[in-house]
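Novice: Below are the chains, spelled out letter by letter.
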Amino acid sequence: MLEKMKEKVVQTQLFKSVFRHGYPDNELNQAYVVFSNIFLHIHPVKVRRSALRMRYTFCLGGITLFLFIMLAVTGIWLMFYYTPYTGLAYKNIKDIQFVIFGGNLMRDLHRFAAHGMVLFVWLHMTRVFLTGAYKAPREFNWVVGVVLLVNTLILSWTGYLLPWDQLAYWAVTVGTKMASYTPFIGQNGPWGAQLGVNPTNDLMFMMIGGTVVGQNALIRFYVLHCVVLPLVVTVFLAVHFWRIRKDGFSGPL
Amino acid sequence: MENKAVREIFPRDAKKSYGLVELMKGASPIVRKEPEDTVYTWPNLIMIELICALLVTAALILLVQFEHAPLRSLADPSTTPNPMRAPWYFLGLQEILVYFDPWYAGVVLPGMIIVGLMIFPYVDTNPKGVGYYTYSERKFAVFNYSFGFALWWITIVIGTYLRGLDWQWYWPWSDKLAHMNPALVTLVPLHIVFVNLLHVSKDVAKGFCDIIFLGYFAVGMLIPYFFMRKFYDSMGAGRYITFMIFFLSMMGVGLKIILRLLFNIKYIVVTPWINV
Chain A
0 MLEKMKEKVV QTQLFKSVFR HGYPDNELNQ AYVVFSNIFL HIHPVKVRRS
50 ALRMRYTFCL GGITLFLFIM LAVTGIWLMF YYTPYTGLAY KNIKDIQFVI
100 FGGNLMRDLH RFAAHGMVLF VWLHMTRVFL TGAYKAPREF NWVVGVVLLV
150 NTLILSWTGY LLPWDQLAYW AVTVGTKMAS YTPFIGQNGP WGAQLGVNPT
200 NDLMFMMIGG TVVGQNALIR FYVLHCVVLP LVVTVFLAVH FWRIRKDGFS
250 GPL
Chain B
0 MENKAVREIF PRDAKKSYGL VELMKGASPI VRKEPEDTVY TWPNLIMIEL
50 ICALLVTAAL ILLVQFEHAP LRSLADPSTT PNPMRAPWYF LGLQEILVYF
100 DPWYAGVVLP GMIIVGLMIF PYVDTNPKGV GYYTYSERKF AVFNYSFGFA
150 LWWITIVIGT YLRGLDWQWY WPWSDKLAHM NPALVTLVPL HIVFVNLLHV
200 SKDVAKGFCD IIFLGYFAVG MLIPYFFMRK FYDSMGAGRY ITFMIFFLSM
250 MGVGLKIILR LLFNIKYIVV TPWINV
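As given, the protein sequences belong to chains A and B, one line each in that order. Numbering follows numbering that gives the first Met the number 0, with no gaps: position 23 of the first sequence is 22. Numbering follows numbering that gives the first Met the number 0, with no gaps: position 174 of the second sequence is 173.
Think of the hints as simulated: they come from the structure by calculation, not from any bench. Hints are supplied without guarantee of correctness; some may be wrong.
[Unchecked claim] Negatives, chain B to chain A, calculated, CB over 12 Å: (1) F89; (2) Y98; (3) A236; (4) S248; (5) I264.
[Stated by the list, open to error] Within a straight-line C-alpha distance of at most 27 Å, the following computed DSSO-like cross-link-like pairs (lysine-lysine) qualify: (6) K5/A <-> K15/A; (7) K255/B <-> K176/A; (8) K265/B <-> K255/B; (9) K201/B <-> K255/B; (10) K127/B <-> K245/A; (11) K229/B <-> K127/B; (12) K265/B <-> K175/B; (13) K255/B <-> K138/B; (14) K176/A <-> K127/B.
Using N, Cα and C, we set each Cβ at its ideal position, and we do this for glycine too.
Chain A extracted, bound-state conformation (with noise of 0.2 Å):
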């Protein structure tokens, strides 16, 4: 009976226009899983048995990619909640906090994955340093993994300031006062003042769009925590799933 039923449903035209093939139960249907899904078919069809062995990559660049799929899902639900205006954001986390149902736990995933992240970045790449994997053919691919991490670093430190509480105005005030240092192009760094630079036109003023952390500056580092760096990240994510699959597995993968 049940048999039946189900033999019914998978032969409707609407059925199989979304499933092209079975329940990847045989062979040819778990080639046809992998390769005609887009989520799976950053994968090989076939695997070496050795590469199901974790004590190679640990998961490690697995793990870093779904704590960033997780920051962008509770990034998201947060973001319903929250305004970018510094008479509001403080509030708005505190109606977070306080007030929305499931708002601390989303907050708090949040927050301990981007740290999660953080770290997990750090665990791929010494995991691929000790392996050798970033030798030839693959030394582009860990320059854009490069880019991954200080892209993740950036995206944290942006995302600090949004609670708009003291924690994350003075992280932010002080972390802006450093490009105020850069050479040439920073109010007070070496050659910044011979080269006419003032603190209306440094590099500071442009990353806070004023002489101090403001609601300019809160406007920018929420644009940049929100769409810009996920972007930028995804493209390069894509570049670095792509190569890996172009230059090939270092290890017994």
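Position chain B relative to chain A; hints supplied.
Specialist: Just chain B now, with coordinates in the frame of chain A:
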């Protein structure tokens, strides 16, 4: 790969340019693969990834039951917290600010760390050690990576646990609420040490310091060139110079930290524009 079984079961016919290699069980062709070498990604690898993702999710949900994202009082431009700590992954750089001026610690050094990491595959000419964990086959590369990240993590630990009010050094057992007397430590540029020790004029002492600074890089550049010729030859001039600039700068950071902590040296080189 020459398979034993292949030769035994299907001896190659000398008159034919083709031959039957092997019969295998299975529903799909295996081309240019060793027999029984591979497995299907679904479900073998997909399941591992799924389990991994579930474990990470579970661990995070468990963690946030005990630890919560911090939220201090509303941002107040008129009240500076003391001490003011950067996020932990930047605490290393904040700690380096004790040892170098901001233009170096906050801008040039982070830039050099990023570029230094990027160039690593291009200066590491050792072909060995790809695809497995090894220390003995690539000691120098592993040393460099470990040294750099040891500096990174040690400064993070110092910044997190050993710095207190006014970014002074506080032991875990020191009174965290009492300000340290900054007058206890007098920081001096290196040339003042020479003035006091050797009774030379300031300008002569500054000259010594410049020579020491440039000498560090010059001697550092030349020692491997003359005494470890194999190392130089394996890299070539371009790679060698690039690598040594980063290597000597990294070692220099370590040296400066030691000089500052043990001998209270503030600067090695003092010029009208920059101090290092």
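Novice: All hints are to be evaluated individually against the structure, with a verdict given for each.
Specialist: Evaluated hints:
Not every beta carbon of chain A lies more than 12 Å from that of F89/B, the smallest distance being close to 7 Å; the non-interface claim is violated. The beta carbon of Y98/B is kept farther than 12 Å from every beta carbon of chain A, the shortest such distance being approximately 15 Å. Here A236/B stays apart from chain A, with its beta-carbon at least about 20 Å from theirs, past the 12 Å limit. Even its closest Cβ contact with chain A, about 15 Å, leaves S248/B beyond 12 Å, as expected for a residue assigned away from the interface.
Once the 12 Å rule is applied to beta carbons, I264/B is consistent with being away from chain A; the minimum gap is 20 Å. As the CA atoms of K5/A and K15/A are separated by approximately 13 Å, the hinted pair is consistent with the 27 Å bound. For the given pair, K255/B sits about 23 Å from K176/A by alpha-carbon distance, which is consistent with the 27 Å threshold. Annotation: proposed proximity of K265/B to K255/B holds, straight-line Cα distance about 9 Å (limit 27 Å).
Between K201/B and K255/B, the direct Cα distance comes to roughly 21 Å. Compliance with the 27 Å bound is thereby established for this hinted pair. Under the criterion of a C-alpha separation no larger than 27 Å, the hint pairing K127/B with K245/A is consistent with the structure, at around 22 Å. For the suggested pair K229/B and K127/B, the alpha carbons sit about 16 Å apart, so the restraint of at most 27 Å is met. At most 27 Å may separate the alpha-carbon atoms for a hinted pair to count; K265/B and K175/B meet this at roughly 25 Å.
Between K255/B and K138/B, the direct Cα distance comes to roughly 25 Å. Compliance with the 27 Å bound is thereby established for this hinted pair. Proximity of K176/A to K127/B is assessed by CA-CA distance (about 44 Å); at most 27 Å being required, the pair is judged violated.
Hint compliance for this structure: hints 1 and 14 are not met, and every other hint is.
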